[in-house]
Structure formats: C-alpha cells, structure tokens
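If you read the sequences in order, they're chains A and B.
Using the numbering used here, the letters of the first sequence map in sequence onto residues 1 to 421.
Using the numbering used here, the letters of the second sequence map in sequence onto residues 1 to 106.
One should not assume that every hint holds.
What the hints assert, rightly or not - In silico lysine-lysine, DSS-like type, Cα no more than 30 Å apart, as pairs:
#	chain 1	residue 1	chain 2	residue 2
1	B	K89	A	K164
2	B	K94	A	K166
3	A	K168	A	K80
4	A	K164	B	K66
5	B	K89	A	K166
6	A	K335	B	K66
7	A	K158	A	K80
8	A	K168	B	K89
If you're looking for bench data, these hints aren't it; they were derived computationally from the structure.
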Amino acid sequence: MGGIAGTVEAAVATAFREEWGRVVATLIRVTGDWDLAEECAQDAFAKALERWPRDGVPVRPGAWLTTAARNRAIDRLRRKATEATKLVEVAAAMPADRSPDRSDESGVRDDRLRLIFTCCHPALRMDARVALTLRTLAGLTTAEIARAFLVSEATMAKRLVRAKQKIKNAGIPYRVPAAHALPDRLNAVLAVLYLLFNEGYAASSGPNLVRHDLCAEAIRLARLLRQLMPDEPEVGGLTALMLFQDARRPARVDEAGEIVPLEHQDRSRWHRGQIDEGRTILADAERQDRPGPYQLQAAIAARHVIATLAIDTDWAAIAALYARLDRMVPSAVVKLNRAVAVAMADGPDAGLAMVDALDASGELTDYHLLPATRADLLRRLGRHFEAAAAYRTALDLAPTDAERRYLARRLAESGRARADV
Amino acid sequence: MRYLMLVHVDESVDGGPDEVAPWVAEMDGRRIRQFGSRLRPVSDTTTVRVRDGEILLTDGPFAETKEQIGGFDILECSDLDEAIEVAAKHPGAKDGRIEVRPLWEE
Numbered sequence: 001m002g003g004i005a006g007t008v009e010a011a012v013a014t015a016f017r018e019e020w021g022r023v024v025a026t027l028i029r030v031t032g033d034w035d036l037a038e039e040c041a042q043d044a045f046a047k048a049l050e051r052w053p054r055d056g057v058p059v060r061p062g063a064w065l066t067t068a069a070r071n072r073a074i075d076r077l078r079r080k081a082t083e084a085t086k087l088v089e090v091a092a093a094m095p096a097d098r099s100p101d102r103s104d105e106s107g108v109r110d111d112r113l114r115l116i117f118t119c120c121h122p123a124l125r126m127d128a129r130v131a132l133t134l135r136t137l138a139g140l141t142t143a144e145i146a147r148a149f150l151v152s153e154a155t156m157a158k159r160l161v162r163a164k165q166k167i168k169n170a171g172i173p174y175r176v177p178a179a180h181a182l183p184d185r186l187n188a189v190l191a192v193l194y195l196l197f198n199e200g201y202a203a204s205s206g207p208n209l210v211r212h213d214l215c216a217e218a219i220r221l222a223r224l225l226r227q228l229m230p231d232e233p234e235v236g237g238l239t240a241l242m243l244f245q246d247a248r249r250p251a252r253v254d255e256a257g258e259i260v261p262l263e264h265q266d267r268s269r270w271h272r273g274q275i276d277e278g279r280t281i282l283a284d285a286e287r288q289d290r291p292g293p294y295q296l297q298a299a300i301a302a303r304h305v306i307a308t309l310a311i312d313t314d315w316a317a318i319a320a321l322y323a324r325l326d327r328m329v330p331s332a333v334v335k336l337n338r339a340v341a342v343a344m345a346d347g348p349d350a351g352l353a354m355v356d357a358l359d360a361s362g363e364l365t366d367y368h369l370l371p372a373t374r375a376d377l378l379r380r381l382g383r384h385f386e387a388a389a390a391y392r393t394a395l396d397l398a399p400t401d402a403e404r405r406y407l408a409r410r411l412a413e414s415g416r417a418r419a420d421v
Numbered sequence: 001m002r003y004l005m006l007v008h009v010d011e012s013v014d015g016g017p018d019e020v021a022p023w024v025a026e027m028d029g030r031r032i033r034q035f036g037s038r039l040r041p042v043s044d045t046t047t048v049r050v051r052d053g054e055i056l057l058t059d060g061p062f063a064e065t066k067e068q069i070g071g072f073d074i075l076e077c078s079d080l081d082e083a084i085e086v087a088a089k090h091p092g093a094k095d096g097r098i099e100v101r102p103l104w105e106e
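Just chain A, same shape as in the assembly (with noise of 0.2 Å):
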C-alpha cells in the first residue's frame, strides 16, 4: 500500500512541477483574478492528493488539475452573490467540454507565455517580476523565494502583494505583446530568467556560492519559454548558455566550499548530458541566422566545455566572439572578459594593456573582477608586488566569502612568490 501512495504522491509531485504554471495562468486568464487562481491552483493540487490514490492518476492530469481548479473558483464566486457577473464570464470562458487552451483571441497557444510575459512586464520593479514569476509560474511558495532572495517572508509577501496591486491597478495587461513590442518585451523576459540563474549560481551575497534550487527553475522556465516561442533564437541561446555554465557547477566548488577556477576545474564532473542538451539547443538557434548577445555568450561557454583539458581551450575564438559581442551591446564587463582572453591567446602583456586601458576609463570601479584579472595577469608576468596590490582591492571589493577566501588564497600565493625571488 505504502508503495501505491508513494508512487501517486510522486505523480502529484510531478504534475506539481509540469502542471502548476498552466493551471494558475489559465486560471489568471479566465477570473482575472491572480490571487484566487493560486488558491484554487492549491486546492486542486490538494483534491489530487486526496482522489488520486483511490481513482488512479488521470491520462491528462493537467486537463484534470484545471478542471477541479476552475470548478473550485466558481464554487467560490458563487459564494459571493455580489460577483456573480464574474461567475458568468467564468462559467462562459470555460464551458467544461472544451479545452481551456483554445479559447484565445490573439492566437497565442498557451496562456503561460501570457503569464510571463506580464509577471516579466518591465513597469514592475526586477525584483517583484523575479518573485512574481516563481511564485505564479514555477509554484514556488512565499517562504521559499524570500529564504532564496534572504528576506523575510513578510517581506516577499508584501513584494508579490505590491506587484500583483500593480498589475491590476496600472491595467497592466493578460497577454503576450504585439509584434512591434515582442522583441523589446521579450528581452526583458530573458533577463528576468537570467538574473533568477544567475542568482542561483553565484550568490550576489551570503555565505553560499551556490543557490542551485533558482539554477533549475531558470533552465526549466528557459526550456518552457523556448518550447513555447520555438521561432526566437536569443530564447534558445539563453537556454543553451544556463546549461553550459550549470553543466560546471559539480566542478566550481570543492569539498570544503572553496571556488575552483575553470582552468583547474575536474572535467570528469562536468554534466554532459546538459553540455550535449545546450549544443544541440544552440546550434538549433543559429541555424535561424538572427545572432544575438545570448547565443554569442552561449557560443563562448560552448567552446569553454567542449575543450577536453583546460589547455586545449580555443581562447582566439573565444577572444573574437567577445570583440563582437562588444560591438552589438558595448558593456564594461564583456571588454573585461575579451582582455582575459586576449592575455590567453596572445599573452599577459596584450591583455593586461586592455585591463588597463578600462581601468582607466573609470567604468568598472567597484566590480571586483578587474582589480582580480589585473592581479592575475600581474602574476602570470612576475610582478608580483603589484600582483599583491591589485588582490587586496579585489578582496576589499569581492561579494561572497567564498570569493573572498579565493583571493586571500592567491593573495598568500603571490606574498610566497615575492619572497622567493
């Protein structure tokens, strides 16, 4: 018996994870109401736990999750006499022999990429559209985004209550934007996504380097995203780029929490079915001949983990894509990256000329990746003196304690190495 419950639990679950985003963002679209969509969203997932066990688990839980979801809202309207014009558009938008998917003006196939598109809309601050999104659309709870984001879960409860006020009060509108908007809006998409993985992956503060649980969420609502817009290649980029630097993960940090560099990293531990999954994903996406910065950051990541040993890494290729990534969005950080790869492919000197030169510019002056590289190419030219100078603003500068330990290891390393010459 325990193993029935066990595996229908595991059903639940994993209807949960597939099912929840479809279930509240057709429940949004038909009461208009995103607060009773999560609760009878909840409700359903609750009377599954309760049916399953004893009528089996339907052939389509999802049609099934929204069904007892929708018939969950209208008993609920219909408590409310006073709303019973709104239990009329639900009863009308949602008759119970058709499917919920269909009934769409704009031809979009799937009322999630409406949920996206607004829990992304750029007239919400970034980090109400980042709580939104996996609260509404990955079903995550209040307690779990504000444990990820490190606020208290009054906080995030009060920032999903501010953003959803907003929604509704501004009009902010149910639908995927027009065509002359798309890409604009759709930038902002991926943003959102990026920054939830990047979130996850390195801490922007704390003690862990790794929030992994916002790593998946990123890649899976990536994956959703380029399933539902499969014509849009930066989507697809975006994808392929998330799966080559998660692929690394195992790798980046060791036993006792400290970071371990690319170059040093055990390869054996990289994730290659994610590494195969995001080539097969990118080269889809430049087959369509629209480049993007998401399929170029992806082309470099990709030409980072093909390379067997550190040593057989192609850093000119990788030099060249970031001169043009440079050119189609000019950004600080991208040169900084380029002067990296610059030093790898033709030496220290030429890259540490680059580093300067950006220095100089002012732009990058508390990022402490540039007084780091600088410290780095330093070392790698024997200077270690100023070597020492560069790591200790980069340690007065670095973000996460992991970050600071690394730099205090190399800053030891290069007080060694002045010693010994």
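With chain A held as given, fit chain B onto it using these hints.
Frame of chain A, contents of chain B only:
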C-alpha cells in the same frame, strides 16, 4: 482605462506647442486623448497650503527641480501597454520624462 499623463520637462529646453502638435493630432484622432493642456511656466505657479487654519502661499512650484510639469493629458487606453506606447511617442519623453498614472476610478 483612464490615465493621467504628466509631462516633466526642463522648461529652458521646452520645444513649445508646435513640437507636440502632431502627437496631439494623432491621439485626438485615435480618440485616446480626452483632454490635456500645456501649462504656464513655474514662474507663474502658486503653491497653496493650509496650516493651523492659515492659508500659506509660496511663489513657485512644490519642488524646485530641473524638470517641471510642463503639461498633462488625460488618456483613455485599453491598458498600460497602450498608454506606454502613447507616452513614448510624446516629444517630452525624449528630453524629459513622462509619468503615467491610472486614475483612481471604479
């Protein structure tokens, strides 16, 4: 939905009514702009407060900033996306900034 559009611009670089005429013509034509006007400069502004029953007047605007409200429009739009599209077309959006606020209705 109705929105109030506040056009914040630096008065010293205000392009004047000719600059905004095509925008007004378009939005009137689309029946989006219900009402609106350019405003006299802050030098003609009076700020009114009542404290302890006494009327206090100040010559000038509520806040002394480089950009001041140079005009306003009431828009009838289907949603915020349309209001954003309309505001982005206003010449004041290029040099100054435009605040879009929903009217407290219903």
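Unmet hints by their number, sorted upward, for this structure: Going through the list in order, the structure violates hints 4, 6 and respects the others.
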